[in-house]
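Asks: Protein chains in written order, with full-length UniProt numbering: chain A, 1 to 171; chain B, 1 to 551.
Incorrect hints may appear among the rest.
[To be verified] Interface residues of chain B toward chain A, partial, derived using beta-carbon atoms under 8 Å:
id, residue
1, 10
2, 11
3, 29
4, 32
5, 33
6, 38
7, 154
8, 156
9, 160
10, 162
11, 238
12, 280
Calculated directly from the structure, the hints in this document are not laboratory data.
Note that the Cβ used here is the ideal one computed from N, Cα and C, for glycine as well.
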Amino acid sequence: MPLVKNGRITTDLFVHVADGAELPGDGDILISAERFLADPDILSRRPGKTGVVWPNNRAVDDLVPHLERLAAVALVFPTFRDGRAYSQARLLRERHGYDGELRATGQVLRDQFVFMSRAGFDAFEVKKDADADAFAETMKRYSVFYQPTGDGRVTALNRRMQLRHSESAGQ
Amino acid sequence: MYAYDELDRTLINERVSEFRDQVKRRLSGELTEDEFKMLRLQNGVYLQLHAYMFRVAIPYGTLSSKQLRRLAHVARRYDRGYGHFTTRQNIQFNWIKLSELPDALAELAEVGIHAMQTSGNNMRNVTSDQWAGVAPGEVEDPRIWSEILRQHTTLHPEFSFLPRKFKIAITASEHDRAAIKVHDIGLRLHKNADGETGFEVLVGGGLGRTPFIAKTIKPYVAGRDILSYVEAILRVYNQYGRRDNIYKARIKILVHELGIEKFAREVEEEWKQMGHGALTLDHSVIEEVRSRFSYPPYEKLPHMPDELKQAAHDPLFERWRKNSVAPHKVQGYSIVTLSLKPVGGPPGDATADQMDAVADLADRYSFGEIRVGHEQNLALPHVAKRDLPQLWKALDRIGLATPNVNLVTDIIACPGLDYCSLANARSIPIAQELTRRFANHDTAEMIGRLHINISGCINACGHHHVGHIGILGVEKNGEEFYQITIGGRADENAQMGALIGPAVPYAEVADVIEDIVEAYLALRDRPEELFVDTVKRLGVEPFKERVYATR
Numbered sequence: 001m002p003l004v005k006n007g008r009i010t011t012d013l014f015v016h017v018a019d020g021a022e023l024p025g026d027g028d029i030l031i032s033a034e035r036f037l038a039d040p041d042i043l044s045r046r047p048g049k050t051g052v053v054w055p056n057n058r059a060v061d062d063l064v065p066h067l068e069r070l071a072a073v074a075l076v077f078p079t080f081r082d083g084r085a086y087s088q089a090r091l092l093r094e095r096h097g098y099d100g101e102l103r104a105t106g107q108v109l110r111d112q113f114v115f116m117s118r119a120g121f122d123a124f125e126v127k128k129d130a131d132a133d134a135f136a137e138t139m140k141r142y143s144v145f146y147q148p149t150g151d152g153r154v155t156a157l158n159r160r161m162q163l164r165h166s167e168s169a170g171q
Numbered sequence: 001m002y003a004y005d006e007l008d009r010t011l012i013n014e015r016v017s018e019f020r021d022q023v024k025r026r027l028s029g030e031l032t033e034d035e036f037k038m039l040r041l042q043n044g045v046y047l048q049l050h051a052y053m054f055r056v057a058i059p060y061g062t063l064s065s066k067q068l069r070r071l072a073h074v075a076r077r078y079d080r081g082y083g084h085f086t087t088r089q090n091i092q093f094n095w096i097k098l099s100e101l102p103d104a105l106a107e108l109a110e111v112g113i114h115a116m117q118t119s120g121n122n123m124r125n126v127t128s129d130q131w132a133g134v135a136p137g138e139v140e141d142p143r144i145w146s147e148i149l150r151q152h153t154t155l156h157p158e159f160s161f162l163p164r165k166f167k168i169a170i171t172a173s174e175h176d177r178a179a180i181k182v183h184d185i186g187l188r189l190h191k192n193a194d195g196e197t198g199f200e201v202l203v204g205g206g207l208g209r210t211p212f213i214a215k216t217i218k219p220y221v222a223g224r225d226i227l228s229y230v231e232a233i234l235r236v237y238n239q240y241g242r243r244d245n246i247y248k249a250r251i252k253i254l255v256h257e258l259g260i261e262k263f264a265r266e267v268e269e270e271w272k273q274m275g276h277g278a279l280t281l282d283h284s285v286i287e288e289v290r291s292r293f294s295y296p297p298y299e300k301l302p303h304m305p306d307e308l309k310q311a312a313h314d315p316l317f318e319r320w321r322k323n324s325v326a327p328h329k330v331q332g333y334s335i336v337t338l339s340l341k342p343v344g345g346p347p348g349d350a351t352a353d354q355m356d357a358v359a360d361l362a363d364r365y366s367f368g369e370i371r372v373g374h375e376q377n378l379a380l381p382h383v384a385k386r387d388l389p390q391l392w393k394a395l396d397r398i399g400l401a402t403p404n405v406n407l408v409t410d411i412i413a414c415p416g417l418d419y420c421s422l423a424n425a426r427s428i429p430i431a432q433e434l435t436r437r438f439a440n441h442d443t444a445e446m447i448g449r450l451h452i453n454i455s456g457c458i459n460a461c462g463h464h465h466v467g468h469i470g471i472l473g474v475e476k477n478g479e480e481f482y483q484i485t486i487g488g489r490a491d492e493n494a495q496m497g498a499l500i501g502p503a504v505p506y507a508e509v510a511d512v513i514e515d516i517v518e519a520y521l522a523l524r525d526r527p528e529e530l531f532v533d534t535v536k537r538l539g540v541e542p543f544k545e546r547v548y549a550t551r
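Bound conformation, chain A alone:
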């Protein structure tokens, strides 16, 4: 499954480690929320980076105290119909100031890329190769956005207001 990060297909340096499986001695790992919360000190014991796979039915509040020391948070889309992780992503980015890797996992198709990016995701475990290949092209599909989110894109309303100001300044 290809990983798209910073707009490009990238080698995934993180290894998903299943609950109960032994942790590798070094290297970057992604572990479950349960495993992480049972032993948060793991962060200081291992040389590699640690990321947490956070389920979409648990409030992100429990993760907030650890955010500064985490290298990645992976949120889950069990099916692309289930949009809970969009809210979690915005809360992590916009309310709790998380600025590490925010990864979308599960059923991730190209048709969600723009929504996900606007909600704050910057890494995508893409289900199909063709969709991963089409990432850059898909992200260019939209140039107009109505809602303000933490992604910094200028909204239609703001563009209109700017236009109006420049028009009145020119008179």
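Fit chain B to the supplied structure of chain A, relying on the hints for placement.
Replies: The following block gives chain B in isolation, referenced to the frame of chain A:
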């Protein structure tokens, strides 16, 4: 009318191009039907019994003549020459080919029409009063706020994959023509003690298999805060709405399970944490949107022009005028409702020729503007009273002057088993039969205001719960049966109807309805007492006794 600018047009075109790509991937097999289903539903495309059905949005029920002509063109070019206006200010085409859909969308996009979020588990077309901006006594034009919400809810990055569909309706009049109490969020514009405009916010209304009347979650939210407050409601719903069972996934169930007080606290907490951020609407932003609504250059006209006085001698004209013409906020003008409920016709259907003709009449008599209401009728919102006699003749020629607005034959009905893959029973033939039974206009007038709503299944697209008489099709041992309720209403005093007795077979429905109406005529204490008020005063029992005594 709201004038789209370059940004609105660009976004619609970008959506068309995305959908074209999605259809291409489906046709090439790159997308599975299951994957494509969700994507087509985000853009109003259902797979029905015989073909794909295509639902197009008419935001807050406002159309220009140019737009209506384009809908007529789509009906002719891509469908079988007609369209069906729905109870949520949409139009449906029933015979579209998937491969031609992107072209139909592109043609609609040229006139600023789209199908975004007319189905799927997202925020649906924002609806409002079809008399918005012209009704006397309105707080202010609710379409300004409808448009602000339309933009905000379009392709929302957080709320496009909700537990279930989500519908918002707005009214600014004391008499609610937008049925806000049966919506997921209902917004009632009003002024607070300081004279500032804001909203009473209602939440958790809806019909379907578990009907609820919406409850007030906050009596007053200032206009500038409405986006953040709506966003707070949606965020709570997106996270905590049930996803384990499609029948329990609407926000009404969450509100019911938590209780309105607890739900309100959750929303309030979320809203507080959101703070006064980017969603707060500055005065200048609201005025920007307001400035792109244009209003007609009304003339100064007399209240009672000579043309109207003369035409009053024609009883047929008078009958139509009294039934279909409503007061306008500007002296000398009227709001004219065009009944799409001819005797024997399917409720809400209009042919391409009728649409073109209405567009021409709108240009001549209504400043090029047409409205669509949730009762599945059209309206011309700015007709000079002196033009009413001419307009009436023209409407009569195209079959749109049936004087039955709000009467027993002004029936709301879903497409039912004739088209819909969810339906258990037919709706349209029941409606057609009822219009024949009550075809005598004098009788219909004597009966007075009476709304019959028909749904072909429990999903309640025909709003049967809130019909003065509600008819619900069910299936019993492979046969079509119908449950009948009385006393429902969808206005500011919204309530669900009560079951009058056991379900009856298809062939008996019209007889039972006739008996109910007979009972009402015998039971009402004066001719002015409406059916729904008699039911309220007496309850179901006396009706039940009379209707079921002989069955």
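Asks: Now tell me if each hint is right for this structure.
Replies: Okay, the hints, checked on the actual structure:
Given hint, residue 10(B) at the interface with chain A, holds; its Cβ is 5 Å from that chain's nearest Cβ, closer than 8 Å. Below 8 Å, beta-carbon pairs count as interface contacts, and residue 11(B) has one with chain A at about 4 Å; its hint therefore holds. The interface hint given for residue 29(B) is violated, since its Cβ lies 12 Å from the closest Cβ of chain A, which is over the 8 Å cut-off. Hint status for residue 32(B) relative to chain A: violated, with the closest Cβ pair at about 11 Å, above 8 Å.
Interface restraint check for residue 33(B): the shortest CB-CB distance to chain A comes to about 14 Å, outside 8 Å, so the restraint is violated. Below 8 Å, beta-carbon pairs count as interface contacts, and residue 38(B) has one with chain A at about 6 Å; its hint therefore holds. A cut of 8 Å between beta carbons decides the hint on residue 154(B): the least distance to chain A is about 6 Å, and the hint holds. Evaluation of the residue 156(B) hint against chain A yields a held restraint, the C-beta minimum of about 6 Å falling below 8 Å.
For residue 160(B), the interface hint holds, since its Cβ comes within 8 Å of a Cβ in chain A; the closest pair sits about 6 Å apart. With 8 Å as the threshold, the beta carbon of residue 162(B) comes within range of chain A, its nearest partner Cβ sitting at about 6 Å, so the hint holds. At its closest, the beta carbon of residue 238(B) sits 5 Å from a beta carbon of chain A; the interface hint therefore holds under the 8 Å criterion. Because the smallest distance between the Cβ of residue 280(B) and any Cβ of chain A comes to about 10 Å, over 8 Å, the interface hint for this residue is violated.
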